[in-house]
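Q: Sequence:
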Amino acid sequence: MRDLGGYETPDGPTRWWRFLRSGNNDNLGPRGMAAYDFIGVRTVIDLRGRREVRANPDPFAHREGVRYLHSILYSRDLSDPALRPDDVQEFSYGLTAGYLLMLSNKPRIREILSFIAEAPEDTCVLFHCAAGMDRTGVVALLLLGLAGVDRNHIIADYCYSFAPQAEVDAYVFGGGRSVGVAKTNARVPVVCLFHALGRMLRRGIRLLGRAAGNTRIHADDRDRSEELEMRAGIIATCYDRIISGYGSFEAYLLSCGLTLDQLACVRVRLLG
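Following this note's numbering, the numbering of the sequence shown begins with 1 at its first residue and continues without gaps.
Hint data in this document are derived by calculation from the structure and do not stem from the laboratory.
Between beta-carbon pairs, the in silico distance windows are:
1. A61 with G174: 40 to 46 Å
2. L83 with A251: 31 to 37 Å
3. G174 with P30: 38 to 44 Å
4. G272 with R67: 16 to 22 Å
5. R50 with W17: 26 to 32 Å
6. H70 with Y93: 28 to 34 Å
7. R54 with D86: 28 to 34 Å
Think of the CB as a built atom: it goes at the ideal place given N, C-alpha and C, for glycine as much as any other residue.
Let the sequences and hints guide you as you build the complete structure.
A: In structure tokens:
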């Protein structure tokens with residue numbers, strides 16, 4: 001779980017304790033529920049599929065004083081290790097297609113943002129899926145984009161689900177291979193060639209291990225920098241598609257059927 005507070009925008013930083021993003025809540029227990037009560041969680045949006053909800057019911061679904069919405073943004077966990085292909089490009093392509101399908105599910109986007117717009121003042125909204133990465137990441141993208149958070153910080157917020165904050169910040173903001181920085185120099189530094197060779201060798205070792213029956217070597221063992229690069233590219237693609245297709249996050253959300261008044265309510269929750 002993490003907070004969407006503290007991101008700079010043209011209208012000031014996003015507010016703390018107004019939006020939380022997380023994975024499953026089924027293992028919270030009494031102390032965890034009490035902590036969420038203390039924070040002020042009074043609105044919960046569950047983005048999982050029906051099968052996932054049946055297997056792990058959300059403890060907030062019937063909790064007194066909590067508004068609960070089950071809105072299926074996508075029917076399954078896109079990052080489920082059991083369904084994840086070994087090929088990085090194939091996995092990246094599948095994830096990107098899944099994210100764009102979620103963004104094209106405008107009735108669900110309207111339902112989710114409308115529910116947020118009606119949340120009681122001075123309370124906290126919790127939204128989650130199974131792992132808190134993909135479906136949750138799409139909703140976070142829309143909220144931060146509506147607030148006016150810049151592209152790189154939105155990419156970083158998404159990538160914090162896949163690598164430590166320091167590593168993400170170094171990648172996104174460090175200047176070396178920052179997301180969205182055009183490469184005008186055709187020369188490839190020698191260090192990048194060694195990095196690429198290392199990735200190839202590690203992938204080959206994984207494939208050999210699988211062929212030999214070593215079940216401890218699987219797709220999740222792929223180099224984390226490769227994963228980070230792939231993930232950053234996926235959410236950057238979603239951001240860029242919204243901007244190129246609609247001009248702004250507000251225009252995209254209006255196309256989903258939300259009203260200006262509803263978006264204003266969400267902005268107030270985000271920015272005060």
